[in-house]
Amino acid sequence: MSSASWISRTLAILAKDARAELRTRYALNAVLLFALSSLVAVSMSLAGARPGPDMLAAFLWILMVFAAMAGLPRSFVHEEERQTSGWLKLSASPAMVYCGKFAFNLLLILLVELVTVPIFLVLLNVTPVHPAAFCLAIGLGCLGLAAAGTLVAAIVARTQNRGSLFAALALPLLLPVIVTGTIATRESLSPGTGAVAWGEVRVLLSYAVVVFTGGLLLFEFVWND
Amino acid sequence: MTDVSHKFDGRTILAGLSLTLTPGDVMVVTGANGAGKSTLLRIAAGLLKPTSGGAERGGGMTGYAAPDLQPWSELSARENLDFLARIRGCADAGREAIKWLEAAGFPAVHLPTPAATLSTGQRQRLKLAMAWLGRPTLLILDEPGSNLDDEGRSLVARLIGEARCDGAVLLATNDSAEAALGGRHLELRVLD
Numbered sequence: 001m002s003s004a005s006w007i008s009r010t011l012a013i014l015a016k017d018a019r020a021e022l023r024t025r026y027a028l029n030a031v032l033l034f035a036l037s038s039l040v041a042v043s044m045s046l047a048g049a050r051p052g053p054d055m056l057a058a059f060l061w062i063l064m065v066f067a068a069m070a071g072l073p074r075s076f077v078h079e080e081e082r083q084t085s086g087w088l089k090l091s092a093s094p095a096m097v098y099c100g101k102f103a104f105n106l107l108l109i110l111l112v113e114l115v116t117v118p119i120f121l122v123l124l125n126v127t128p129v130h131p132a133a134f135c136l137a138i139g140l141g142c143l144g145l146a147a148a149g150t151l152v153a154a155i156v157a158r159t160q161n162r163g164s165l166f167a168a169l170a171l172p173l174l175l176p177v178i179v180t181g182t183i184a185t186r187e188s189l190s191p192g193t194g195a196v197a198w199g200e201v202r203v204l205l206s207y208a209v210v211v212f213t214g215g216l217l218l219f220e221f222v223w224n225d
Numbered sequence: 001m002t003d004v005s006h007k008f009d010g011r012t013i014l015a016g017l018s019l020t021l022t023p024g025d026v027m028v029v030t031g032a033n034g035a036g037k038s039t040l041l042r043i044a045a046g047l048l049k050p051t052s053g054g055a056e057r058g059g060g061m062t063g064y065a066a067p068d069l070q071p072w073s074e075l076s077a078r079e080n081l082d083f084l085a086r087i088r089g090c091a092d093a094g095r096e097a098i099k100w101l102e103a104a105g106f107p108a109v110h111l112p113t114p115a116a117t118l119s120t121g122q123r124q125r126l127k128l129a130m131a132w133l134g135r136p137t138l139l140i141l142d143e144p145g146s147n148l149d150d151e152g153r154s155l156v157a158r159l160i161g162e163a164r165c166d167g168a169v170l171l172a173t174n175d176s177a178e179a180a181l182g183g184r185h186l187e188l189r190v191l192d
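Top line first, the protein sequences correspond to chains A and B.
Sequential numbering of the first sequence, starting at 1, is according to this note's numbering.
Sequential numbering of the second sequence, starting at 1, is according to this note's numbering.
A hint or two may mislead.
Pairs of lysine to aspartate or glutamate residues, derived as EDC-like cross-links and limited to a Cα-Cα distance of at most 16 Å, are as follows [claimed, not checked]:
id, chain 1, residue 1, chain 2, residue 2
1, B, 49, B, 79
2, B, 99, B, 79
3, B, 49, B, 25
4, B, 99, B, 3
5, B, 49, A, 225
6, A, 89, B, 3
7, B, 49, B, 9
8, B, 49, A, 220
9, A, 89, A, 220
Example chain A residues on the side facing chain B (calculated, C-beta under 7 Å, incomplete) [to be verified]:
id, residue
10, 12
11, 84
12, 86
Where chain B lies over chain A, by a calculated footprint (3+ residues, C-beta under 8 Å) [unchecked claim]:
id, segment
13, 45-56
14, 88-96
If you're looking for bench data, these hints aren't it; they were derived computationally from the structure.
Here a beta-carbon is modelled for each residue, glycine too, at the ideal position from N, C-alpha and C.
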């Protein structure tokens, strides 16, 4: 199979998921509603107080991780609940399915962050000192969240207590990205050279690459078992 | 399929079953409810790993239609076929399947309404078309005539006739008319 054909088939899975999501807003509504209501609740409870960069970074990452946890399991759970996963198993290679689902999850999280991060900056009156490092920390964080979330979602899709199991399995796997992302974000909001932030951004990139590659290698066993 | 055994919740469903299908074969599997017909078909399709033994499917494509496999309810009938055709790498097959559905008296294939709004019989026809899309070398059908009217049942007969030209058919049914379509028969019995 040529690489063009492989990419075209993978993109077909992404397009199918995006089309189905746009029609049902199954995951998007849940994730956006959670993110926006959390943002409003925190900004109101602060009542004008100005938290430091460490608190702001922690809040942003808690928001990102829990929003991702609300939306990421849907991609596979939906296929199992609607009894459609068999078509994918019979028609596409596991690598195509993983990449297609990963791309959809990444798109979903990026879309949510595109809406919530500007609102976060406005509501909490935050101006990143190092905007490039700030954007990269968020973007690469999304990449790591999507890579790990896609694999864990496939693992829990056929289990009974999917919601709690997803959180229990995903959290240890996401710990490095949460810690690193929080530090990178904090440093990008703090005055200084930003050297620490750029160092953490490199760690985030490495994490995303390692988890994506690991997911790609392990997915076949999860999917076919 | 060689020496396949399968247990579920400690109950033996299949024990030491071996069978081989060659192109042109239409094997009909019959048996009482719970005898393991659907389990056998899922193993043959590669959707279920047996407790012991193994199933090999050669190099071709496998088509599978069963009650536990549904079209994507948010997509229209046509979108379901187009999507499957794309991921199977046969773009022309989508158009072919649509023509086949039209000829089979299913003009609703062109409606933009989601598959969830189709009647049970129309959804069954769509599932048969999805299974047959790209002319698989092994077509596995589990109770294909269920929820179909007389016209739909004749469609199943036509489908099996065409599919045996391209490869082998494995069919599970308790319907005597459908069972008569088979050249080989396998009767499963409830073991435990």
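Against the structure, the hints:
no.: 1; hint: B:49 - B:79; in the structure: 30 Å, violated
no.: 2; hint: B:99 - B:79; in the structure: 14 Å, holds
no.: 3; hint: B:49 - B:25; in the structure: 24 Å, violated
no.: 4; hint: B:99 - B:3; in the structure: 41 Å, violated
no.: 5; hint: B:49 - A:225; in the structure: 7 Å, holds
no.: 6; hint: A:89 - B:3; in the structure: 24 Å, violated
no.: 7; hint: B:49 - B:9; in the structure: 15 Å, holds
no.: 8; hint: B:49 - A:220; in the structure: 14 Å, holds
no.: 9; hint: A:89 - A:220; in the structure: 10 Å, holds
no.: 10; hint: 12; in the structure: 4 Å, holds
no.: 11; hint: 84; in the structure: 5 Å, holds
no.: 12; hint: 86; in the structure: 4 Å, holds
no.: 13; hint: 45-56; in the structure: violated (count 0)
no.: 14; hint: 88-96; in the structure: holds (count 6)
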